[in-house]
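Asker: In case you want the letters, here they are:
Protein chains: 2
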Amino acid sequence: MSSHYRPEMTHAGVNPTQAVHAVDEYQNTREMHIADERPLTIYVDRYEIVTLMTLGTQPELLTLGYLKNQGLMTDIRDIKSIQVDWDVSASVVTTVTGESQWEDKLGSRTVTTGCGQGTIFGDIMEQLADIRLTPLKLKQSDIYTLLKNLNAYNDVYKTAGAVHGCALCHGTGIITFMEDVGRHNAVDAIAGLMWLEGINGNDKLFYTTGRLTSEMVIKVAQMGIPALLSRSGITQMGLKLAQDVGVTMFSRAQGKHFLIYNGSENIEFDTELPPKFSVANVIS
Amino acid sequence: MSSHYRPEMTHAGVNPTQAVHAVDEYQNTREMHIADERPLTIYVDRYEIVTLMTLGTQPELLTLGYLKNQGLMTDIRDIKSIQVDWDVSASVVTTVTGESQWEDKLGSRTVTTGCGQGTIFGDIMEQLADIRLTPLKLKQSDIYTLLKNLNAYNDVYKTAGAVHGCALCHGTGIITFMEDVGRHNAVDAIAGLMWLEGINGNDKLFYTTGRLTSEMVIKVAQMGIPALLSRSGITQMGLKLAQDVGVTMFSRAQGKHFLIYNGSENIEFDTELPPKFSVANVIS
Chain A
1 MSSHYRPEMT HAGVNPTQAV HAVDEYQNTR EMHIADERPL TIYVDRYEIV
51 TLMTLGTQPE LLTLGYLKNQ GLMTDIRDIK SIQVDWDVSA SVVTTVTGES
101 QWEDKLGSRT VTTGCGQGTI FGDIMEQLAD IRLTPLKLKQ SDIYTLLKNL
151 NAYNDVYKTA GAVHGCALCH GTGIITFMED VGRHNAVDAI AGLMWLEGIN
201 GNDKLFYTTG RLTSEMVIKV AQMGIPALLS RSGITQMGLK LAQDVGVTMF
251 SRAQGKHFLI YNGSENIEFD TELPPKFSVA NVIS
Chain B
1001 MSSHYRPEMT HAGVNPTQAV HAVDEYQNTR EMHIADERPL TIYVDRYEIV
1051 TLMTLGTQPE LLTLGYLKNQ GLMTDIRDIK SIQVDWDVSA SVVTTVTGES
1101 QWEDKLGSRT VTTGCGQGTI FGDIMEQLAD IRLTPLKLKQ SDIYTLLKNL
1151 NAYNDVYKTA GAVHGCALCH GTGIITFMED VGRHNAVDAI AGLMWLEGIN
1201 GNDKLFYTTG RLTSEMVIKV AQMGIPALLS RSGITQMGLK LAQDVGVTMF
1251 SRAQGKHFLI YNGSENIEFD TELPPKFSVA NVIS
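If you read the sequences in order, they're chains A and B.
Note that the working numbering has the first sequence beginning at 1, numbered continuously upward.
Note that the working numbering has the second sequence beginning at 1001, numbered continuously upward.
Think of the hints as simulated: they come from the structure by calculation, not from any bench.
Ideal Cβ placement from N, Cα and C applies to all residues, glycine included.
Some hints here could point you the wrong way.
[Stated by the list, open to error] Residues of chain B clear of chain A, computed beta-carbon distances all greater than 12 Å:
#	residue
1	His1011
2	Ile1034
3	Asp1045
4	Lys1068
5	Leu1133
6	Lys1137
7	His1170
8	Leu1193
9	Gly1224
[Claimed, not checked] Not the full set, but computed from the structure, chain A residues with beta-carbon under 7 Å of chain B:
#	residue
10	Gly13
11	Val14
12	Gln18
13	Asp24
14	Gln27
15	Ile34
16	Ala35
17	Glu37
18	Arg77
19	Ser214
20	Met237
21	Lys256
22	His257
23	Phe258
24	Phe269
25	Lys276
[Said to hold, decoys possible] Computed list of lysine-lysine pairs in DSSO-like fashion (alpha-carbon distance at most 30 Å, straight line):
#	chain 1	residue 1	chain 2	residue 2
26	A	Lys158	B	Lys1276
27	A	Lys276	A	Lys256
28	B	Lys1148	B	Lys1137
29	A	Lys148	A	Lys256
30	A	Lys148	B	Lys1158
31	B	Lys1148	B	Lys1256
32	A	Lys137	A	Lys276
33	A	Lys80	A	Lys148
34	B	Lys1158	B	Lys1148
35	A	Lys158	B	Lys1240
36	A	Lys158	A	Lys139
37	A	Lys158	A	Lys148
38	A	Lys158	A	Lys80
39	B	Lys1139	B	Lys1256
40	B	Lys1158	A	Lys240
Sequences are here, hints too, so could you generate the full structure?
Answerer: Right under this line is the structure:
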């Protein structure tokens, strides 16, 4: 399979922030930048799939990744083109095989997938049962270098807040950093890029500013990425799924600090840290 | 209408945190508490509606609020009982009129609502067009007292992180504080309580630890609450909807600081603050 097939695509990414006025506690009017949030309705051969609220910087990659992560399309060569037109808030996907066949093939599936977490939940749990990722060996020192390198990103967050950032990382390098108002959109846009460029997940690490909930672990597992690094916390279901699938989970990763909730055997602790004087809850 | 009709309900709230082990950067194993995250499938007369991932502390109120906020049910007296059984991850709603009529009446509607943001988005925008809230006059000093009072809550967040908190407030008092892994669940549980207790939104203030995005403003507007206070940031669509509907929006509210993005004319600035020496971006 050639990994270099590319659908025709617009490049309709927009400026993600707007200047507005706000009144502060001193009753001063200040100019602030806030994150944009636009509806984008995805159509496949004029079949309406979903409307996502997005920052709008990578609408084509978001479309690709959404179709991939929802299991609606599996071969990128089935996609002829993706055309985003903000005037009508639409991302129009045209397939190679054309309208009728798409509806026949995926009509019921689309409804199922669109119908909330409910109906799809069991399906995803079944899919995950087949996934078992090969552990990725990581060095503590490389994690620190990576966290330092990540500080250069998150531009919209620094300007306007109200967005989550995600990055696809390899070693200490950052392949791409995506921000969006919905953290799932940021993940989907990265999935879209991986699909488009034929990037394999198995030697990568996924960074997110958001929490490690079930949905985040499900998406990363579907993308075949064996390590997940978050600045935020973790939920019990996120942990359980990571244990089942074999995702190494770093939570609360900031500066020199992190907590590994799963897969600590994959980490080489190669960094000499200053002694810690108070560790309240160490298990002896 | 009597506001004291109450469906029969279980009280199946569960302990929201679990103790697990994590390895820190010193390679020490520590006992940490993490937030629970459980699937809860809502059925109405055995008709499957949706599966929500929830912390599990208020499954009955979450069920009520979800049905209300999604527009699936409008009169609480139509609900005979809500029975939550975690063994099968189910919240079973039994209506007074019974199965067949529910399916006839709401069958297609349910599919529409369940089918993601996409199909419902236009409907909600149309509904919001009819809502115009009466402004609520607020004093700066009361906002500060309220923020101080709110510090006593957010228990799960303080223990385990990874949850959002929401509160329904009246003056400087807190009627209820809800936490959940999904911030929309926390809002829905509050909507459920308001529906159950016949609480009117028009003199209330809604607090959230989360961001003020379009979805948050839509829900608060549907609940008839004219003021929204957040510790986090705001998006452009959240602001636009707040302007359309008439919701006063406090963003970045912490300590003495806040930014009012809409409705500053409703605030009485009655607090003497220490002089501020550097305000980089004040509009003269």
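Asker: Are the hints correct? Go through all of them and say.
Answerer: Structure-based check of all given hints:
no.: 1; hint: His1011; in the structure: holds (22 Å)
no.: 2; hint: Ile1034; in the structure: violated (5 Å)
no.: 3; hint: Asp1045; in the structure: holds (16 Å)
no.: 4; hint: Lys1068; in the structure: holds (16 Å)
no.: 5; hint: Leu1133; in the structure: holds (19 Å)
no.: 6; hint: Lys1137; in the structure: holds (15 Å)
no.: 7; hint: His1170; in the structure: holds (22 Å)
no.: 8; hint: Leu1193; in the structure: holds (23 Å)
no.: 9; hint: Gly1224; in the structure: holds (23 Å)
no.: 10; hint: Gly13; in the structure: violated (16 Å)
no.: 11; hint: Val14; in the structure: violated (11 Å)
no.: 12; hint: Gln18; in the structure: holds (5 Å)
no.: 13; hint: Asp24; in the structure: holds (6 Å)
no.: 14; hint: Gln27; in the structure: holds (5 Å)
no.: 15; hint: Ile34; in the structure: holds (5 Å)
no.: 16; hint: Ala35; in the structure: holds (5 Å)
no.: 17; hint: Glu37; in the structure: holds (4 Å)
no.: 18; hint: Arg77; in the structure: violated (26 Å)
no.: 19; hint: Ser214; in the structure: holds (6 Å)
no.: 20; hint: Met237; in the structure: holds (4 Å)
no.: 21; hint: Lys256; in the structure: holds (6 Å)
no.: 22; hint: His257; in the structure: holds (6 Å)
no.: 23; hint: Phe258; in the structure: holds (5 Å)
no.: 24; hint: Phe269; in the structure: holds (5 Å)
no.: 25; hint: Lys276; in the structure: holds (6 Å)
no.: 26; hint: A:Lys158 <-> B:Lys1276; in the structure: holds (23 Å)
no.: 27; hint: A:Lys276 <-> A:Lys256; in the structure: holds (12 Å)
no.: 28; hint: B:Lys1148 <-> B:Lys1137; in the structure: holds (20 Å)
no.: 29; hint: A:Lys148 <-> A:Lys256; in the structure: holds (10 Å)
no.: 30; hint: A:Lys148 <-> B:Lys1158; in the structure: holds (27 Å)
no.: 31; hint: B:Lys1148 <-> B:Lys1256; in the structure: holds (10 Å)
no.: 32; hint: A:Lys137 <-> A:Lys276; in the structure: holds (26 Å)
no.: 33; hint: A:Lys80 <-> A:Lys148; in the structure: violated (40 Å)
no.: 34; hint: B:Lys1158 <-> B:Lys1148; in the structure: holds (16 Å)
no.: 35; hint: A:Lys158 <-> B:Lys1240; in the structure: holds (22 Å)
no.: 36; hint: A:Lys158 <-> A:Lys139; in the structure: holds (29 Å)
no.: 37; hint: A:Lys158 <-> A:Lys148; in the structure: holds (16 Å)
no.: 38; hint: A:Lys158 <-> A:Lys80; in the structure: violated (37 Å)
no.: 39; hint: B:Lys1139 <-> B:Lys1256; in the structure: holds (13 Å)
no.: 40; hint: B:Lys1158 <-> A:Lys240; in the structure: holds (22 Å)
Consistency with the previously given hints fails for numbers 2, 10, 11, 18, 33 and 38, ordered from lowest to highest.
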